[in-house]
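Novice: Spelled out, the chains give:
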Amino acid sequence: MTTSTLTKPAPADAGTTGPYAARIHHVSKSFGRPGAQQQVLDDINIDVAPGSFVCLLGASGCGKSTLLSLVAGLDKPSAGTIETPGGRPALMFQEHALFPWLTAGRNIELALRLRGVPRAERRGEAERLLELVRLKGAYGKRVHELSGGMRQRVAMARALAQDSQLLLMDEPFAALDAITRDVLHDELTRIWQTQNSSGSAAGNLSVLFVTHNVREAVRLGERVVLLSSRPGRVAREWHVDIPQPRRIEDSAVADLSIEITEQLRGEIRRHGQH
Amino acid sequence: MASTETTASSAKGNPGDDPAGPSTTPATEAATDAVAGSAGSTHGSPAEATTETGTGAGAEAAGATPRPTAGDLAGLEAGLDALDSAVVARQPWLRTALSKAFPPVIAIVIVLALWQLAYHFQLKPHYLLPSPLDVFRSLQQKWLEGTLLGFVWTSLSRGALGFLASVVLGTALGLIVARVKPVRAAIGPILSGLQSLPSVAWVPAAIIWFGLSDATIYAVVLLGAVPSIANGLVSGVDQISPLYLRAGRTIGATGLAGVRHVLLPAALPGYLAGLKQGWAFSWRSLMAAELIVNAPDLGTGLGQLLEQGRELQDMSWVLAAILLILIVGIGIELLIFAPIERRVLRSRGLLVKS
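Heads up: the sequence lines are chains W and E, in that order.
In terms of the numbering used here, the first sequence opens at residue 1 and continues consecutively.
In terms of the numbering used here, the second sequence opens at residue 1 and continues consecutively.
Careful, some of the hints might be misleading.
Below 16 angstroms or equal to it, Euclidean Cα-Cα: the simulated EDC-like pairs (lysine to aspartate or glutamate) are [said to hold, decoys possible]:
1) K124(E) <-> D134(E)
2) K141(W) <-> E131(W)
3) K136(W) <-> D81(E)
4) K141(W) <-> E127(W)
5) K141(W) <-> D314(E)
6) K142(E) <-> E341(E)
7) K276(E) <-> E333(E)
8) K181(E) <-> E145(E)
9) K141(W) <-> D84(E)
These are calculated hints, taken from the structure and not from any lab test.
Predicted, not measured: the structure shown is a model, and the values here were computed from it.
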């Protein structure tokens with residue numbers, strides 16, 4: 001059973017690479033020319049423990065996607081440091097970002113190939129990952145032949161193919177219909193728990209999940225970090241002790257969501273007071 | 001929240017790995033329960049809702065309240081996948097071909113009929129406007145002389161050779177212009193401007209440089225086709241969604257691997273469009289060059305055939321040559337470029353079914 005990885009804080013023996021999967025240390029980010037700069041992120045400090053599930057929550061303009069790009073290494077912070085000891089993190093977007101010129105299976109194999117997996121092992125590994133996201137027969141399917149939910153699951157399999165210890169997710173389910181999103185919440189929780197179970201050879205999988213959906217954050221996360229907007233700062237943080245598997249309809253989820261939403265609305269109101 | 005915290009450790013776990021868990025309850029029942037639960041919390045006071053959670057979580061540990069299990073989730077997902085997947089029924093091959101060929105055939109028949117009528121009523125004297133049959137006879141005569149295929153082959157081989165050279169040059173040029181910013185700033189606008197220059201304008205210059213030779217013909221073909229192939233590749237690269245480049249970088253496709261695995265395949269549709277246009281420009285330029293560059297020791301191509309017809313004032317000969325030029329141009333497009341383009345677009349889901 002995986003009970004140990006679900007409690008906070010992460011136990012000392014959980015990590016094989018260090019006490020954290022990602023350390024965001026006094027990170028600030030500004031855009032624009034010197035003199036006319038706009039600060040997007042201001043002194044962000046977040047440690048993501050190995051095997052943990054952290055949700056970043058905020059209204060538009062809080063720089064949550066910018067922060068994720070910084071952690072992914074696609075951009076550099078203006079100040080502060082970001083450490084990801086487990087190597088380059090995997091990243092999932094709101095759009096599936098699968099390559100339409102490749103089949104579902106080949107998309108996964110490309111990630112494996114770029115990771116350096118020998119040719120002979122790629123096919124089997126891709127099939128295994130597809131099975132993990134329950135798309136066993138989808139190897140030869142083209143991207144456009146898959147539904148939105150299936151595409152995001154293939155994208156998840158491709159992200160897992162990177163064998164990274166940190167999975168960054170930038171509103172990955174925001175474009176899906178509510179029913180599919182609900183199912184993918186269950187699926188993501190299951191996969192995260194499977195990767196972190198003691199029998200898994202893959203080691204720990206930490207997730208840093210960006211969303212503007214309070215319920216989604218409470219449904220999924222062990223920790224919910226609320227960012228304020230313009231510039232983005234850590235406004236408050238909650239530890240979510242509701243046992244998994246949760247349901248988005250659970251009243252415990254609803255209660256905490258109401259509390260967080262109130263705080264979020266307070267943050268938003270401050271911007272109307274000039 | 002105290003109630004949830006006390007049950008936290010006992011209820012946690014991977015549902016799929018727990019055979020003792022409530023795996024037999026259908027998902028629908030769980031959904032009904034959830035609806036009832038949310039209805040309760042809407043109508044009831046907050047205090048009631050909290051109590052409900054407490055008992056719910058406690059009961060769950062005892063195995064009474066259904067929770068989604070691995071089996072349920074798999075079934076649910078399979079159902080969603082089945083509902084969401086588009087059913088693509090492909091029409092029978094022969095029927096598709098017939099329904100596509102039918103309208104153009106009708107159009108051609110109408111044009112021939114109008115032509116025949118104009119001939120019949122002598123809108124112009126017969127030596128200026130021969131009948132379709134006259135043109136056909138002219139073709140037939142060349143065929144019986146055994147020279148027709150030779151003319152077509154001379155032009156076609158020149159066109160193909162010129163086009164292939166243009167592909168090599170245009171692709172290299174296009175990649176450099178698309179990826180190197182200073183080069184793009186310097187020659188990008190010139191390259192797209194060159195497309196609007198009719199390649200026949202190069203013929204006098206080429207004749208002065210190379211005389212009446214094959215070099216002149218190939219120079220004109222290259223000058224006509226290289227810019228459009230290069231431009232096609234540039235716009236193909238420009239149209240790549242930034243998302244693919246970002247996704248490529250996150251899975252480690254950087255540098256040359258990025259060009260090979262992301263940039264080139266992503267640019268393929270635009271590149272193919274450029275190749276198609278490049279062929280059209282090659283063929284046109286070739287005909288312009290052949291019309292003007294007329295020397296006995298050069299082989300006779302379709303352009304030269306056309307020019308000979310004009311010199312002899314043989315209108316059916318002229319029309320036959322024009323018809324052949326058109327047929328070869330369309331034939332290459334239909335037999336080579338259209339199938340490749342269709343395959344690429346279909347495999348990416350970019351082909352809209354009409």
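Novice: Does the structure break any of the earlier hints, and which numbers would those be?
Specialist: 5, 6, 8
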